[in-house]
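Colleague: Single-letter residue listing:
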Amino acid sequence: MNKYPTRSYFNNFGSITILAALILVFSLLSRNFLSLKTFTAIANQIPGLTVMAIGMTFVIIIGGIDLSVGSVMAFSAVGFASALVEWQLPLALAVLLSFCLGIICGSLNGLIISHWKIPSFIVTLAMLEMARGATYLLAQSRTIYIGSEISWINEPVIGGISLAFVLALCLVFAAHLILTETVFGRYVVGIGTNETAMQLSGINSALVRVLVFTGAGGLASVAALLSSSRLEAADPNAGIGLELQVIASVVIGGTSLLGGRGSVIATFVGVLIISTLESGLSQIGTSEPFKRIITGLVIMVAVIMDIHRSHVQSKEVVSTDLKYS
Amino acid sequence: MKVTRLTITVILSAALFAVLLYSGLKPSFGPRNTTPHIALVMKSLANEFFLTMEHEARAHQKSSATEYRLTANGIRNETDVSGQVRIIENMIAQDVDALIVAPADSRALIPVCAQAIQQGIVVINIDNRFNQQTLAAKSLQIPFVGPGNRKGAKMVGSYLADHLEAGDGVAVLEGIPTAHNSQERKAGFIEAFREKALDILTIRSAEWDMEKANIVVAALINEYPDVKGIACANDSMALGAVAALKAAGKLNSVYVVGFDNISAVQEMLKNGQILATADQFGGQIAVNGIEYALEILKTGTHKADQETPVELITKQSIENNNE
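Same order as they appear, the protein sequences are chains A and B.
Numbered according to the working numbering, the first sequence spans residues 198 to 522.
Numbered according to the working numbering, the second sequence spans residues 1122 to 1444.
You may find that some hints are simply not true.
Computed list of lysine to aspartate or glutamate pairs in DMTMM-like fashion (alpha-carbon distance at most 20 Å, straight line) [as the list claims (entries may be wrong)]:
no., chain 1, residue 1, chain 2, residue 2
1, A, Lys234, B, Asp1347
2, B, Lys1317, B, Asp1347
3, B, Lys1436, B, Glu1388
4, B, Lys1424, B, Asp1218
5, B, Lys1367, B, Glu1388
6, B, Lys1259, A, Glu326
7, B, Lys1333, A, Glu352
8, B, Lys1349, B, Asp1320
9, A, Lys234, B, Asp1216
10, B, Lys1259, A, Glu346
11, A, Lys488, B, Glu1169
It is worth saying that the hints were derived from the structure and are not from the lab.
Only chain B is shown next, with the shape it has when bound in the complex (with noise of 0.2 Å):
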């Protein structure tokens, strides 16, 4: 029994020295290396928007290796503050140079970014913006790089609402409603539908998750058999929102429009069970971020903001592309 044990604990260590080795870790030994150290500090990397991400940015420092060297980090799940918090807080502790932060809460993340600014480290925000009101309060200026998530929004729910009419209901499904991108989607949607006279019917939260969008829609469509269109501000929910109307044999009367662009939701495009998303290029923004931050470090001047481009995805657009 006693030498089971052991076997299976020397078993677990080496097994776990050959994931660590194998995880892409290399020794410290060898000579310091002086490149800029940026470390990249993104929301949850179960989200296949921020895996995107991650993959350009490291594509991105492979191909200009000499340059700088990336820490590229994610949390568990898209409400996992305080894992964040500790995450940047590691990566003053390893002295990098510069920090790119999508933050998971515009206002949580602000004290610590403020410690890292004090610590000499250049702090460049992207993806989701910080609170304004906060950061003047701490009289920081961070500079923002990032879509224009209203504007995204705005154009998806304009091209929704150029499929229905004056009168019809729609319902919009926002994000962990603390989070100023869902908060900035969910205005664009409203905007879109005031203008062309829609009915909001209601406006539900499903946390960008897909299987609570998938709960909250099937409830949603039984409470409000006339919703003729559902607006998602990210394309999860809005596969979690196809999968309850398919459930209810609704899929061919209620417009799905999401944001995001996701790989999963090409093939729904194309065969119109979504009708549009934005793309916002994911990937782009976090390289975006860390060219910014090189210039910061290289010029040591301070940069304006940076809206990043948006575009509508529609089945249109796609069919153009592949031609």
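Just chain A, same shape as in the assembly (with noise of 0.2 Å):
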């Protein structure tokens, strides 16, 4: 990736053009969409979806795919609020207790693919169920009042930027200097381009492969804080079909869901293009069935242009190589 440093710009150049776009187009059918509370109410609304995106993508990279996470978000944020309401446990061993469901949940869903090899899709699946299961039994089916108390998060600290967001940023540039620089990330990208490859140089796939999915689970508690600090409540019934969502921002992004490549930077932008686009749909009062419509659209766009560039790419990488031969 190095070799060609001009690129990178345009790696993400798909993704940047639809956004771009679509801040055009809303600003141009909508007189209030082009301000800073927009834009300051849309960095408020993705810290959740940013987070389990960042999860997602080292899930994907890695040739897997999560199905579990919007039903794990879901269990850490009632584990949490029972924790906090019910048992009268201090702050930070509730959120201790969050944390300990997402990543039980992760590691099992690793550990499970990994020792069965068993399809990601599938253990993450009944993981889906288990843990909404586990939810409504935990909060028995209501909603978990939390009230002000983790309220903070969500307050504004600069131009009306929250915590929450700022937290968020930092972990985009955690995960992506985890990705591109570290031995870890390189393993990941290894296992989503050649397994077998791996395997043979000695390096322990499976681990990794656990080591992923439960980061997938804890970045999930972490969302569940985030969304329960925003709601000042514990709903059971959050997180349902989100991970559809989380998949959508990923894939927009640009990372393939072959495995093997992808960015986590560039999975921001597709949060930001999705959450973009929820935004401007309904501040223009866009129907829900056309909101849907519109959505798909995006996503089938985004896609096909990404795998225009990458076709362009891989032609070109193949002739250099040819060239350095």
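Since each chain comes alone in its own frame, lean on the hints to assemble the complex.
Modeller: Structural data, given as structure tokens:
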């Protein structure tokens, strides 16, 4: 990648173009869209989705998928709220417990996938059901009201931007560094590209896989804290269907569903596209059926543009490789 | 290959813009509009009840277009609470003057509404009432315009009870247990059944959903073969219950009642498959909320809660109406 530094911008060209086009279209259609208020509103809406999409990016790069993130998020949120409200535990302990729930779900996913070599689609589908059931059980199917104890996470700190957004942004950069600058990151990409080759060179791919799924579970817990601080409540129905939105963000960002290729920064652009679209469509009052048709079309356009780009890119790489050989 | 992909991209992008334009949008050029901007935030528009609400609100706006502008939004499904929060945040960003909210959750929507009030937006609560303790804890006063859910459910429940004998077994199908209107309707049914000394066999949730109700009722009639009546907290669930009874060949021995009076149950009311339902005039609720908001915007005075009418609908009442 570093061989072509000028291309790093163009790597995200498709998704950035779409983002710019969306902002332009909504600015023309709605008078108040192009305003600081809209952008701070979007910034404060996305931390949860962003954090979950980071975990999903790693999972997809390694060649897997995690359908359980929405349920695991609800489970962690309800665990956190129960600990705080029902069992009257101190805040730090409640946070820790919520983390443990996410990490346990994630590592269970990873262990079962690695040990029995079952497709992650099936294992995480099962986890989606189990975590949701456990959530209803724990919450007795009721929304647990937390109150303003943790709403400070969503209070604006600088220029209307919340602490939650700053935290999400820090996590994006940290994850980007882990993926691009560490040995672990290289293993993740390597396993996604050619797992057999990695195993032959003595790398414990099972361990890497478990760590990646554990990370996705842990990040779902972080998202749970962010979302419960926004609602000041833990909703056992939270995050139903959220996994699809998370996967869409990652894929729009250009991470390949076949594994082996992807970027956390690009995923963040994908999150921005999804949330700008949602915000814009509701600001102009589009009806629900059209909202869904338009969202589907944007996903399709983004992915096709991405395939187009990677097609061109792979041709270039082949030709330069030939030159060097 | 390259050309094909490019062509597809171009075609899809064109389709996208065409759809955007076709969905009824007008560019924002021209002089600034100073009429009040009202945002209606509903629950799932896949539910006919809210779709009617949206249609009547839009019709009301058309008939008084000089008085206010309307932006109407709904969420994907009844449980998408954070989606509803995001819509309200977007409406705050849109600088609307008033928000009419049918909350998907009686508590979790309160923080974002408090934020709207802080920005000087008039907030009116419709359909499903906010939790009064939580409002009081935040020292907020949000006027509620909506039906007496409990009263309506009691009317329907009593009508069902009149068709049964004391000691007969009945079951209640509630909506999403966290929703205030579901709790109220359940309470209304139970009150009516207790008054007639019916035996309440079980209370189950089918989350307002037809298919879930179908599964729940199929299991329920196996478990309690003596059940004589099933009271559903909305009509969609009553439809699911009727389908399950039909499949089990028990349609003639079990009475089903619903709530909402959606168009899909009209025929079933006439042929007796559903015994009764309640009409709370969903469209009128949103319109009342809008009129309330306009009045507050004009006069600046605080308004008290307003209960909208609920009516018992039976085969008899439909026939009387048609005469």
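Colleague: Now, for every hint given, state plainly whether the structure supports it.
Modeller: Verification of the hints:
no. : hint                     : in the structure
1   : Lys234(A) to Asp1347(B)  : violated (59 Å)
2   : Lys1317(B) to Asp1347(B) : holds (17 Å)
3   : Lys1436(B) to Glu1388(B) : holds (9 Å)
4   : Lys1424(B) to Asp1218(B) : holds (16 Å)
5   : Lys1367(B) to Glu1388(B) : holds (15 Å)
6   : Lys1259(B) to Glu326(A)  : violated (36 Å)
7   : Lys1333(B) to Glu352(A)  : violated (39 Å)
8   : Lys1349(B) to Asp1320(B) : holds (10 Å)
9   : Lys234(A) to Asp1216(B)  : holds (9 Å)
10  : Lys1259(B) to Glu346(A)  : holds (13 Å)
11  : Lys488(A) to Glu1169(B)  : holds (18 Å)
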